[in-house]
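> Using the sequences provided together with the hints, build the complete structure.
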Amino acid sequence: MKDDSKKWIVVFLVIGVESGIGIFLQNWYLAKAGEALTKRLRKQTFLAFLRQEISYYDLPNHGTGAICTRLATEVSAVQGATGPQLGLLIAGIVTVIGGLLVSLTASWQLALLMMAFIPLLVGCGMFMNAFFGATKDSATNRGGTTADETFSNIQTVVSLGREEEFYERYREEMIVPYKLAKKTSHFAGLANGFFFGIMNLSYGAGFRYGGYLVEEDDVNIEEMMTAIITVLICCVMLGQVASMTPDYAKAKQAAERVFYLLDKVPHIDVYSKEGIKPKTCGGEIKLTSARFRYPTRRDFKVLRSLDLTVKPGQTIALVGTSGCGKSTAVSLVERFYDTNSGHVWKQTRKKTIEIIHKFNCNYMLLADCVEFQSGPNRAGISAWDKT
Numbered sequence: 001m002k003d004d005s006k007k008w009i010v011v012f013l014v015i016g017v018e019s020g021i022g023i024f025l026q027n028w029y030l031a032k033a034g035e036a037l038t039k040r041l042r043k044q045t046f047l048a049f050l051r052q053e054i055s056y057y058d059l060p061n062h063g064t065g066a067i068c069t070r071l072a073t074e075v076s077a078v079q080g081a082t083g084p085q086l087g088l089l090i091a092g093i094v095t096v097i098g099g100l101l102v103s104l105t106a107s108w109q110l111a112l113l114m115m116a117f118i119p120l121l122v123g124c125g126m127f128m129n130a131f132f133g134a135t136k137d138s139a140t141n142r143g144g145t146t147a148d149e150t151f152s153n154i155q156t157v158v159s160l161g162r163e164e165e166f167y168e169r170y171r172e173e174m175i176v177p178y179k180l181a182k183k184t185s186h187f188a189g190l191a192n193g194f195f196f197g198i199m200n201l202s203y204g205a206g207f208r209y210g211g212y213l214v215e216e217d218d219v220n221i222e223e224m225m226t227a228i229i230t231v232l233i234c235c236v237m238l239g240q241v242a243s244m245t246p247d248y249a250k251a252k253q254a255a256e257r258v259f260y261l262l263d264k265v266p267h268i269d270v271y272s273k274e275g276i277k278p279k280t281c282g283g284e285i286k287l288t289s290a291r292f293r294y295p296t297r298r299d300f301k302v303l304r305s306l307d308l309t310v311k312p313g314q315t316i317a318l319v320g321t322s323g324c325g326k327s328t329a330v331s332l333v334e335r336f337y338d339t340n341s342g343h344v345w346k347q348t349r350k351k352t353i354e355i356i357h358k359f360n361c362n363y364m365l366l367a368d369c370v371e372f373q374s375g376p377n378r379a380g381i382s383a384w385d386k387t
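Residues 1 to 387, numbered by the numbering used here, are exactly what the sequence shown covers, in order.
Worth flagging that the hints you see were computed from the coordinates, not collected in a lab. Remember, it's a predicted structure, so these values are computed and weren't measured experimentally. Please note: incorrect hints may appear among the correct ones.
To be verified - Calculated pairs, DSS-like style, for lysine-lysine (alpha carbon to alpha carbon, straight line, at most 25 Å):
hint: 1; residue 1: 264; residue 2: 39
hint: 2; residue 1: 252; residue 2: 264
hint: 3; residue 1: 286; residue 2: 301
hint: 4; residue 1: 326; residue 2: 311
hint: 5; residue 1: 43; residue 2: 273
hint: 6; residue 1: 179; residue 2: 252
hint: 7; residue 1: 326; residue 2: 301
hint: 8; residue 1: 286; residue 2: 326
hint: 9; residue 1: 252; residue 2: 182
Stated by the list, open to error - The calculated label-pair distances, taken between Cβ atoms and stated as ranges, are:
hint: 10; residue 1: 3; residue 2: 212; range: 33 to 39 Å
hint: 11; residue 1: 340; residue 2: 316; range: 19 to 25 Å
hint: 12; residue 1: 59; residue 2: 181; range: 45 to 51 Å
hint: 13; residue 1: 59; residue 2: 311; range: 35 to 41 Å
hint: 14; residue 1: 3; residue 2: 214; range: 27 to 33 Å
hint: 15; residue 1: 162; residue 2: 59; range: 21 to 27 Å
hint: 16; residue 1: 162; residue 2: 297; range: 25 to 31 Å
Quick reminder that beta carbons are idealized off the backbone N, C-alpha and C, glycines included.
This is how it looks when you write it as structure tokens:
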């Protein structure tokens with residue numbers, strides 16, 4: 001007996017050391033892979049935002065704060081389904097399958113009884129997943145937009161004494177995500193309580209039926225304990241997997257939004273390799289029968305059959321009241337937007353063509369700012385354009 005105890009002490013010591021090293025290496029490599037994935041996704045997401053056309057940023061839910069919030073939270077949330085969590089999920093699946101096989105081998109009657117509770121446990125996990133899937137990101141993004149705009153213009157806000165007004169606006173925008181989070185936490189707690197309650201009921205049923213089988217000499221004590229303990233270990237692993245359900249649900253939603261953005265190809269695609277690529281630019285710009293309405297203001301006509309020709313070296317002035325289309329005409333030349341009807345032509349030395357991105361390298365809007373006012377226009381443009 002003493003020699004056997006020493007042997008098993010050594011065996012379990014070796015198993016413990018090997019398990020410690022294995023779990024350390026598993027978490028290390030999976031965490032490293034998860035961080036690499038997050039870095040790559042954040043880079044690709046940032047490039048995808050830069051790829052979108054200007055009308056994308058005109059939408060209220062695509063403001064600066066909302067985009068910064070998405071970059072900071074959505075990409076990081078994807079790690080809820082990768083990294084160490086993925087290792088826990090795989091370990092749980094392997095443990096459950098192996099434990100059920102061992103339990104069926106020891107006593108199939110007890111194993112089937114205990115397995116009858118597994119659908120209830122899975123149902124609780126799905127219930128938790130459904131309520132954690134209730135999205136509140138759009139409301140959170142609106143709050144992030146308000147906070148970003150407030151702190152970006154903090155001097156103006158303080159000088160006008162509007163701190164309380166912006167605080168109230170931020171507080172009102174955060175009421176919706178607060179209510180959703182409160183509702184989610186209540187139902188998640190209810191589902192979690194049912195989960196562990198069902199586990200305890202399975203313990204009682206297993207030991208009661210196991211005692212009956214021992215009395216009937218269908219199984220012995222060793223087989224009963226093996227069948228019950230292995231299923232209990234499976235239930236513990238299911239509990240650990242269920243604990244990561246909120247992170248997995250958020251990761252799944254975040255991944256769907258991130259990959260939707262990555263796959264979104266705008267109508268005006270600055271990364272497109274198609275179209276004519278002229279080496280020289282003649283300089284003439286012509287708008288013919290240009291009609292335009294902003295995508296976010298379809299009921300307001302900005303340009304109504306505008307005809308305009310600008311010759312190389314010619315200086316013109318666009319004069320009019322606010323909202324008459326002066327900046328819009330320039331935006332069409334830079335192809336921030338496309339006309340609803342009509343055309344915008346840009347001339348090379350040989351012919352007049354209508355294309356997308358390469359011409360923007362030859363046209364630049366010289367804004368009225370301090371950097372350009374401090375010297376000649378050529379010097380100001382050279383300071384900004386490093387190509």
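> Next step is simple, just say for each hint if it's right about the structure.
Verification of the supplied hints:
Between residue 264 and residue 39 the alpha-carbon distance is near 20 Å, which keeps this suggested pair within the 25 Å criterion. Simply put, residue 252 and residue 264 have alpha-carbon atoms about 18 Å apart, close enough for the 25 Å limit, and the pair holds. The suggested pairing of residue 286 with residue 301 holds, with an alpha-carbon distance near 20 Å, which does not exceed 25 Å. Proximity of residue 326 to residue 311 is assessed by CA-CA distance (about 18 Å); at most 25 Å being required, the pair is judged to hold.
The straight-line distance between the Cα atoms of residue 43 and residue 273 is roughly 21 Å, inside the 25 Å bound, and the hint therefore holds. Of the supplied pair hints, the one linking residue 179 and residue 252 holds, its CA atoms being roughly 22 Å apart against a limit of 25 Å. Between residue 326 and residue 301 the CA atoms are separated by roughly 13 Å; this keeps the pair inside 25 Å, and the hint holds. Among the hinted pairs, residue 286 with residue 326 is consistent with the structure: their alpha-carbon atoms are about 15 Å apart, no more than 25 Å.
Of the supplied pair hints, the one linking residue 252 and residue 182 holds, its CA atoms being roughly 21 Å apart against a limit of 25 Å. Taken as a hint, the range 33 to 39 Å holds for the pair residue 3 and residue 212, whose Cβ atoms sit roughly 37 Å apart. In this structure, residue 340 and residue 316 meet the distance hint of 19 to 25 Å, their C-beta atoms being roughly 23 Å apart. At about 25 Å, the CB distance of residue 59 to residue 181 disagrees with the hint of 45 to 51 Å.
Distance hint check for residue 59 and residue 311: the Cβ-Cβ separation is about 37 Å, which falls inside the suggested range of 35 to 41 Å. At roughly 30 Å, the beta carbons of residue 3 and residue 214 sit within the given window of 27 to 33 Å. Checked against the hint of 21 to 27 Å, the C-beta distance between residue 162 and residue 59 comes to roughly 25 Å, which is consistent with it. The hinted range of 25 to 31 Å is satisfied by residue 162 and residue 297, whose Cβ atoms lie roughly 26 Å apart.
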